[in-house]
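**Student:** Residue numbers (my numbering), protein chains in the order written: chain A, 440 to 483; chain B, 4 to 179.
FYI, nobody ran anything at the bench for these hints, they're computed from the structure. The beta carbon of each residue, even a glycine, is placed where N, CA and C say it ideally should be. Watch out, some of these pointers could steer you wrong.
FRET-style restraints, in silico, Cβ to Cβ [as the list claims (entries may be wrong)]:
1. B:Glu166 <-> A:Met447: 37 to 43 Å
2. A:Leu448 <-> B:Ser52: 38 to 44 Å
3. B:Leu33 <-> A:Leu478: 17 to 23 Å
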Amino acid sequence: MSWKNYLMLCLSVIAVVALSVMYVPGVGDTIEGGLLLFLSTNAQ
Amino acid sequence: MRSSKIAKITVQILGIVLLVPLVAMATLRLSHANADGPSILFPGGALVSGELHQGPEPDWAFTRQIPTIELQLYDPLSSRLIWIIESEGRIFVASGYMSTFLGRLWKHWAVQADSGDGMAVVRIDGVRYERQLVRIHEGPILDGVAAVMGEKYRAPVTREAIEAGNTWIFELAPRG
Chain A
440 MSWKNYLMLC LSVIAVVALS VMYVPGVGDT IEGGLLLFLS TNAQ
Chain B
4 MRSSKIAKIT VQILGIVLLV PLVAMATLRL SHANADGPSI LFPGGALVSG ELHQGPEPDW
64 AFTRQIPTIE LQLYDPLSSR LIWIIESEGR IFVASGYMST FLGRLWKHWA VQADSGDGMA
124 VVRIDGVRYE RQLVRIHEGP ILDGVAAVMG EKYRAPVTRE AIEAGNTWIF ELAPRG
């Protein structure tokens, strides 16, 4: 993939992820829950 | 030629793999910034919902059963979840790791509360209380605070550690 196309892909990924977290119900909670589980599992 | 192409693809895949969680975290952080209260991981905005307590000081003994409360500062306007410690009828919040650079960076709210006017609002069980954060540097009350932190949260805190500045204790005092 050329760097120009890769940059476009990155911008698309940023838009899709950000919009999903903001507007799709449950996505933000799921990510936060996963992060919390990771932190509580690995924290000393 | 072939190896450089593989390296390029690897870098690109790695970039996407890192980008997704970074964007998700940044979006969550930003979207919580104006929310009515914090989440477990991210600070929130002003505490706006809930009855505003008026009248005499309540009996704070009920907070012994409450693991965390929501604490909002005015400068900067942000809120976070925090432990609450009740001792001798007074309530306190704590900020640990304050003797390290990373701790002070992480717990920047405590630095701001200590250097500013300390005006705050706490929300406990859906009721908001206007308070003022007053840092307690020393004194026998810290024995009780440290004991409660040990019993309630299993936090190995001592009065000596507090007086040495490793852990900062703020009283949630009535506004004067």
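**Student:** If a hint holds in the structure, say so; if it does not, say that too.
**Tutor:** Now for the hints, and whether the structure bears them out:
Checked against the hint of 37 to 43 Å, the pair Glu166 of chain B and Met447 of chain A fails, with Cβ atoms roughly 58 Å apart. Between Leu448 of chain A and Ser52 of chain B the beta carbons are some 41 Å apart, a value that agrees with the proposed interval 38 to 44 Å. About 20 Å separates the C-beta atoms of Leu33 of chain B and Leu478 of chain A, a value consistent with the hinted range of 17 to 23 Å.
This entry does not satisfy hint 1, going by the numbered hints stated previously; all others are met.
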